[in-house]
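Asker: Sequence:
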Amino acid sequence: MSLVGGPPDTGLILGPDPRGPRRARERENRQLAVRSTLIAIVSSIVFFGLLGWIVANSPGWPAFQRAFLDPELFAKTIPRLAEAFWVNVQLFLLAEVFILAFGLLLAVMRSLPGPVLFPLRAMATVYVDGFRALPGILVIYMLGLGIPRLGLPGVPKDEFFWAIVTLTLLYSAYVSEVYRAGIDSVHPSQEAAARSLGLSRAQSLRYVVLPQAVRRVIPPLLNDFIGLQKDTVLVSFIGIVEIFRTAQIISAATFNYTPYVAVAVVFLVVTIPLARLVDWLISRDRRRAAAGRAA
241 MSLVGGPPDT GLILGPDPRG PRRARERENR QLAVRSTLIA IVSSIVFFGL
291 LGWIVANSPG WPAFQRAFLD PELFAKTIPR LAEAFWVNVQ LFLLAEVFIL
341 AFGLLLAVMR SLPGPVLFPL RAMATVYVDG FRALPGILVI YMLGLGIPRL
391 GLPGVPKDEF FWAIVTLTLL YSAYVSEVYR AGIDSVHPSQ EAAARSLGLS
441 RAQSLRYVVL PQAVRRVIPP LLNDFIGLQK DTVLVSFIGI VEIFRTAQII
491 SAATFNYTPY VAVAVVFLVV TIPLARLVDW LISRDRRRAA AGRAA
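Numbering follows our numbering, in which position 118 of the sequence shown is assigned residue number 358; successive positions increment by one, without gaps.
Among these hints, one or two may not hold up.
Unchecked claim - Simulated pairs of lysine to any residue, SDA-like, Cα-Cα distance not exceeding 25 angstroms:
#1 K470 - L445
#2 K470 - L313
#3 K316 - Q330
#4 K316 - A493
#5 K470 - G394
#6 K397 - E417
#7 K470 - W326
#8 K470 - L517
#9 K397 - P375
#10 K397 - V481
#11 K470 - F314
#12 K397 - A421
What the hints contain is simulated information worked out from the structure, not anything from laboratory work.
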């Protein structure tokens with residue numbers, strides 16, 4: 241029996257709202273996040289402000305500023321360096337295509353089972369170990385300057401061609417290991433299930449194992465390609481006029497090192513967004529894996 245003007249008597253005993261504690265925790269977590277962000281901002285301002293004060297009040301700061309931080313030369317240099325950076329972009333994009341294909345081939349060769357295919361596994365292993373052990377600049381010198389001097393008929397002498405070749409050979413060794421880690425991460429039951437459905441070993445590798453492996457190694461591959469983008473400046477030592485060589489020319493003409501600082505700024509502007517993209521992809525993969533385990 242309900243009271244006049246009161247709520248109807250349903251016969252149920254109403255308890256506290258179960259969403260209350262959860263909302264309180266969420267509100268507390270938001271407050272903690274805001275407080276942590278503010279502390280991080282203030283501490284960063286204090287640290288970098290103190291560091292800047294120490295540098296600006298050092299005895300050699302005026303000479304350093306004239307040699308490395310000439311604003312007028314910086315403004316004049318940036319457009320020319322940005323134009324030269326297009327050569328680095330071309331090197332990066334073309335080499336990346338060949339690296340992805342050749343690195344995958346090496347990874348598959350190293351994953352081939354059976355004693356009959358041991359020679360292929362051995363060749364791939366020797367290649368990967370060799371190019372991972374050699375300094376990149378040494379390989380660039382030996383191939384970019386040495387092979388064209390042999391005078392072999394039909395062998396290109398263009399520096400751009402040999403820059404693509406050396407970058408491909410160097411980074412394919414690293415990328416193949418990333419691919420191989422992805423292949424090894426696929427559970428053997430996946431291949432066994434594919435074989436039970438009538439697929440051959442090659443078909444199970446192509447349609448079952450490799451798609452899963454490649455999807456898992458995308459973030460590490462992007463990390464390697466960030467390194468590749470920076471290492472395109474190494475080919476300047478065989479005569480390619482790209483952003484670093486252009487900075488050398490301007491610095492030699494002006495007796496000033498500000499162009500090198502401008503090169504650093506260009507790479508920072510291009511590389512940092514790519515690094516944040518890699519972090520976001522890694523976080524997304526972790527969230528998906530956690531959601532899959534919870535399901």
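Asker: Taking each numbered hint in turn, which are not upheld by the structure, reported in ascending numerical order?
Answerer: Of the numbered hints, 1, 5, 6 and 12 do not hold.
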